[in-house]
Every structure is written in C-alpha cells, then in structure tokens.
Amino acid sequence: MNTDILNFLNFAQGFWPYGLVKILMMVLLGIYIIFAGILVREEQLISRMVQMAFSPILRGIVFIHLLAAISIFILALMFL
Amino acid sequence: MPTTTEKTKPPSTLTPRGHALSSFIVRPQNIHFETQTEQEEVILLLRQHFSTNFGWIAVTAILALLPLFFIPMFLRSALIPVNVPSSYFVLIPLIWYLGVFGFALMRFLYWYFNIYMITNERVIDVDWYSLLYKQMSETKLDRIQDVTFKQHGFLDLFFNYGDIYIQTAGTAQNFEFIAVPNPNEVVQHMNQLVELM
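From first to last, the protein sequence lines are chains A and B.
Going by our numbering, the residue at position 31 of the first sequence is 31; the numbering climbs one at a time, nothing skipped.
Going by our numbering, the residue at position 96 of the second sequence is 96; the numbering climbs one at a time, nothing skipped.
In short, the hints are calculated from the structure, not lab data.
Treat each hint with caution, since some may be false.
The following label-pair restraints were derived from C-beta to C-beta distances [unchecked claim]:
| # | chain 1 | residue 1 | chain 2 | residue 2 | range |
| --- | --- | --- | --- | --- | --- |
| 1 | A | T3 | B | S130 | 48 to 54 Å |
| 2 | B | Q188 | A | L75 | 54 to 60 Å |
| 3 | B | Q135 | A | I61 | 19 to 25 Å |
| 4 | A | I5 | B | G99 | 36 to 42 Å |
No residue lacks a Cβ here, since even glycine has one placed at the ideal position from N, Cα and C.
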C-alpha cells in the first residue's frame, strides 16, 4: 500500500510542473480550436444569409485562423 | 397613382457610394441576401459607425503590446526558474497572439455582420449578438408608420452618427438601428421610399 503511494508521489513529482502546464495548454488550445471552428461555421451561415463583396476574403481569414489554431496545437503537443 | 414598377423604383437622386467595408453604403452593387426577390434592390446598407470599434481596437493594441514589455521584464527578473524549456518562450507568445487575433477577428465579424438594409420593398435588420445567437428581422416599407432618430453625446455629434427608431403598424416588431452614420440622411431616404409605396 505504502509502495503504491510512494510510486504515485514519484510519478506526480516527475510530472510537476511542466507536465501539468502542458496538459493545461492542450486543454486551452483544444477549446480554442472549437471556438475557431464555430467562427468558421458562423461565418459560412451568415454569408449564406447575406452575400457581400468582402465575404470571400473574410472566409479565407477565418479559415486561416482555424488552421493556425490547429498548427499551434500540434506544435504544443510536440514541443511543450 | 403610381404603377407597380414605379412603386419599386428607388429615388433617382441616390448614386452608388461607399465600399465593402463602409458603414454607410448607398445602392451597394455586390450584395445579395437569401430572401431577396428579383425586383428588389438594396438602397442602403448600414453598419454601426466605425468609431464604435475604437474600444476593442485599443484593447487589441494593448494586448498585442503587452508581451513586448513583459517578456524582457520576466527574463531580467528572477521570477522565471532557470530550467524552463526554450520552447515555452516561443509557444506561449504564439498562443497569446493567436488569442489576441481571435478576439479581434470575432469583434470585427460582429461589426461587419451586424447590418441594417433598406431595400425598395422592406427594412431588414441582421443582428449577430454572440457566437451562438443571431437574429434577422424585417418589415415591409408600407407597414412603417414613423421614423425618428436621436443623436446624443459628444461622439454621436462629432462623428455624425445616431440611433434610428422605426415604428411599424400593428403588432409588427419595431426596429432600432443603433449608431448608424448620417441618421438625418437615412431618415430622409426612408421617408422618400415610404412615400413611394
């Protein structure tokens, strides 16, 4: 029983603080990707409702924003 | 007695002006909306005056400049432990700037897609309140009973924008155009269009 607790404490010690920081960052970036995805979808829906001259550029920008969020998530997963 | 075609004709004094990012566009050329009929023409496309964006633009600028002050400050101080992996110094600013850009983009989209349209047949109000809540309301021009506008405060008068209130007949929803440029001109055009109906 005591060995189990000691093993867990050793694991937690090795994990602290950067493992925890990495998990928090990944959760944060995961939520951010959902936000960027919603932005893309909303832009599509509202552009369908009202089509304007600037809309294709805006569609490109929100899409690049989503790609940037995914890229940073992958970078964080690899390098943090 | 005007004929049906004459009825739908917009006032001839209106010449196209404004560009895609203006908040006051007269007879916009490249615009089409979902419920638009064949003979329907957009006479005015309005957004909130650009100066209403100054708040979030200032917040964005401050947020964008913060790391430039704080990163050197932290590096000089003893607040950061010595063994911080170097990847943190690249990825954390990247995440920060992604967030700042996302904030600015969202605020811009709210401004860009919160539009008021006056066509030769009706008035349309497209509201995008938040990421998950938007609303589109419209009323026929012949249901409009009264159009008034209000300008209050220094900024309204300085930038010449104001709120327009459109009262409709019966139980139809009343409309409020908030902080639109040249409210006097908008009311004038709307009255002209209502008279043509």
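Against the structure, the hints:
About 52 Å separates the C-beta atoms of A:T3 and B:S130, a value consistent with the hinted range of 48 to 54 Å. In this structure the supplied range 54 to 60 Å holds for B:Q188 paired with A:L75, their Cβ-Cβ distance being about 55 Å. Checked against the hint of 19 to 25 Å, the C-beta distance between B:Q135 and A:I61 comes to roughly 24 Å, which is consistent with it. A hinted range of 36 to 42 Å for the beta carbons of A:I5 and B:G99 is consistent with their spacing of about 39 Å.
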